[in-house]
Every structure is written in structure tokens, then in C-alpha cells.
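Asks: Given next are the chains, with one letter for each unit.
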Amino acid sequence: MSELQPFVITAAPLDPVPLVQFVLTPSDGAVVTFAGVARDNFGGRPTAFLSYEAYAEMAIGVLEQLADEARTRWPIGRVAVHHRVGRLEIGETAVLVVVAAPHRQAAFAAAEYIMDRIKEVAPIWKQEHWADGAVEWRE
Amino acid sequence: MINVQVRFFAGHRDIVGRSALLVELEPGTSLGVLWRMLSEQYPRLAAYTGRILFARNQEFADPATLLVDGDEVSFIPPVSGGAR
Numbered sequence: 001m002s003e004l005q006p007f008v009i010t011a012a013p014l015d016p017v018p019l020v021q022f023v024l025t026p027s028d029g030a031v032v033t034f035a036g037v038a039r040d041n042f043g044g045r046p047t048a049f050l051s052y053e054a055y056a057e058m059a060i061g062v063l064e065q066l067a068d069e070a071r072t073r074w075p076i077g078r079v080a081v082h083h084r085v086g087r088l089e090i091g092e093t094a095v096l097v098v099v100a101a102p103h104r105q106a107a108f109a110a111a112e113y114i115m116d117r118i119k120e121v122a123p124i125w126k127q128e129h130w131a132d133g134a135v136e137w138r139e
Numbered sequence: 001m002i003n004v005q006v007r008f009f010a011g012h013r014d015i016v017g018r019s020a021l022l023v024e025l026e027p028g029t030s031l032g033v034l035w036r037m038l039s040e041q042y043p044r045l046a047a048y049t050g051r052i053l054f055a056r057n058q059e060f061a062d063p064a065t066l067l068v069d070g071d072e073v074s075f076i077p078p079v080s081g082g083a084r
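For the record, the sequence lines run as chains G and S.
In this text, residue positions in the first sequence follow my numbering: the first is 1, and each later residue adds one.
In this text, residue positions in the second sequence follow my numbering: the first is 1, and each later residue adds one.
No wet-lab data here; the hints were simulated from the structure.
Using N, Cα and C, we set each Cβ at its ideal position, and we do this for glycine too.
Fair warning: there could be bad hints in the mix.
Covered stretches of chain G (in silico footprint by chain S; criterion: 3 or more residues with CB under 8 Å from a CB of chain S, positions within the stretch not fixed) [stated by the list, open to error]:
(1) 55-61
(2) 109-121
(3) 124-135
Chain S stretches covered by chain G per the calculated footprint, using a threshold of three residues with CB under 8 Å from any CB of chain G [stated by the list, open to error]:
(4) 55-69
(5) 72-78
Throw the hints in and build the complete structure from the sequences for me.
Replies: Structure follows, in C-alpha cells:
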């Protein structure tokens, strides 16, 4: 059985349980799990499904950098970020950001910061497949 | 001359019609100059000028970076995939 990697781009469905187990150490008092989920509309326009594409070799390094950025700002422990690529049906998890810390404030703040930064710089793109058949990169 | 591999993603791949291109360049060509050359060759790329991030060998780089033989480069289309 292969050891869990903290930063992953994968076409396989995401499961938060092993990530929580991975990040938690005995000195942590908090773990925050953020899940970004495929939604059935954008601004009221109905979505049929989503697809994600990544520059995977680069994205993994960027995710590591974003965790390091968070670590310079808050006293946090381990971080794991897993991001899906390929086709996602409505309700499927697109991204998991899991942060452990001795105290909850740092874990909440770091998880939000990492997610915001993913949307700014991680080379991962979302394509909206609208219910009316149109297809559009969200950029 | 130097050879550089350019990788295209998302909207850029749709415009260029392929996910990678091997280009031959004069030594001393910068990332920014290569982008300008590509946006002349593929005019629809020009709409992205000012909205891309530059990458060399899978790390963010300044557009003034000079390319060397064997580099892998990419011009990262905007990634703001949704509201906060």
C-alpha cells in the first residue's frame, strides 16, 4: 500500500478521511477540512457538469508553496491538498484542503487562505458545461 | 538556435489546437518575447496579454527571463475558476 501524498492532482474521487488521518499529530487540537463541491449553477445559470484540467507537474509544486506561505502566517501543522481533474458530476468534490493546527483559529484561517490562493495562482482550470450545451472555461 | 517546449492548457489549448509545441528560437529570447511571437501566430491568444502568468520549467517566472535550450515553458491562462 502506497503512503498518502499530501499534494495530489488526481482523476479519482476524493475522500477526506485519509487526509485527516494524515495531517493530525498528537500536538494538534484542531483540523479543518474544506471541500469545494461541483454546484448545479453559476450565478443562476444551470450547469450540467464540470471538468477540470491541471498543469499537474507544476500544480503540485504550487500547492506545496501555498502551504508554506500559510505556515509563515499562522502556527499550523501538516497540510494536505488534493484536487480532482477530469469530469465531475454535480455534488462531487473538486478539491480538499485539510489543515491541522494546535488551535482552531489558525486552522480555519490557513485553510481559507490556501483555498483563496489556489483560485488565484494554481494552474488548475475549471470548464463549465452548461445545461444548454454550451461549454466555457472559467477564466 | 535553442529548442523550447511550450505547453498549452485550457483556453490556450483550444486556441492553438494542441497541448504542446516545440519551437526553435534565437538564443537570448525571453519568455515575454516568446509570448508576443505566439500571440502574433495565434491572434486569439493576444486577448490574454496582461492576464497570464509566466512559467519556466514548471515554476513561475518573470517575463524577462531568458530561455535556454531544453526549457519547458507555459503561459498560464487566468485560473480564477469561480467566486469566493
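Asks: Which of the stated hints cannot be reconciled with the structure, identified by number in ascending sequence?
Replies: When the structure is compared with the hints, none of them turns out to be violated.
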